[in-house]
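Trainee: Produce the entire structure from the sequences given, and follow the hints as far as they go.
First residue of the sequence shown? That's 1 in UniProt numbering, and the numbers climb one at a time after it.
In short, the hints are calculated from the structure, not lab data. One should not assume that every hint holds.
Derived DEER-like restraints, expressed as beta-carbon distance ranges [stated by the list, open to error]: (1) Asn41 with Met1: 29 to 37 angstroms; (2) Glu10 with His102: 18 to 26 angstroms; (3) Gly112 with Met1: 15 to 23 angstroms; (4) Pro119 with Asn7: 21 to 29 angstroms; (5) Arg9 with Pro47: 36 to 44 angstroms; (6) Trp11 with Gln45: 28 to 36 angstroms; (7) Arg9 with Asp39: 40 to 48 angstroms; (8) Ala63 with Pro8: 32 to 40 angstroms; (9) Glu10 with Glu40: 35 to 43 angstroms; (10) Ala43 with Leu15: 15 to 23 angstroms; (11) Arg28 with Asp49: 31 to 39 angstroms; (12) Val6 with Asp49: 16 to 24 angstroms.
In silico lysine-lysine, DSBU-like type, Cα no more than 30 angstroms apart, as pairs [as the list claims (entries may be wrong)]: (13) Lys14 with Lys77; (14) Lys90 with Lys14; (15) Lys90 with Lys66; (16) Lys90 with Lys77; (17) Lys77 with Lys66; (18) Lys14 with Lys66.
The structure displayed is predicted, hence computed values, not measured ones. The C-beta atom is built at its ideal place from N, Cα and C for all residues, glycine as well.
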Amino acid sequence: MERTAVNPREWSIKLGYNQAEVINGATRQVICAGQTAVDENGAPQHPADMRAQISLALDNLEAVLKRAGMDLSNVVKLGVYATDVDDALKNFDLMGMRFGPHQVAPPMTLLGVTRLAIPGLLFEIEATAMA
Numbered sequence: 001m002e003r004t005a006v007n008p009r010e011w012s013i014k015l016g017y018n019q020a021e022v023i024n025g026a027t028r029q030v031i032c033a034g035q036t037a038v039d040e041n042g043a044p045q046h047p048a049d050m051r052a053q054i055s056l057a058l059d060n061l062e063a064v065l066k067r068a069g070m071d072l073s074n075v076v077k078l079g080v081y082a083t084d085v086d087d088a089l090k091n092f093d094l095m096g097m098r099f100g101p102h103q104v105a106p107p108m109t110l111l112g113v114t115r116l117a118i119p120g121l122l123f124e125i126e127a128t129a130m131a
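Mentor: As structure tokens, this is what we get:
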């Protein structure tokens, strides 16, 4: 699979994502449901702690990708939902810490929402991955 970044203007790069990517040569696609800060039984974890919830949601995303035979380097699109966008952005260094070593900056949309499906959850991340 070959990825080519498309950034008519480069402002998004310093925020950790490309505005678009052209994907060539992919043969498999995985579409991940939103991952949140829940344990192996689906119980919410880390109430009122955005940073810990982002970290656990990313752990859960990585677990799904691993089960599908992929990792964060295969992610080509992210959808992120947060109940407090400012708090999420304060903790987005976690995104860079996870995606940076893979040298990818997938296109991303971040939306503020009034709540997520399970009360107490603050952050949800969905991904499309290709290989």
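Trainee: Of the hints stated earlier, which fail here?
Mentor: 3, 4, 10, 12
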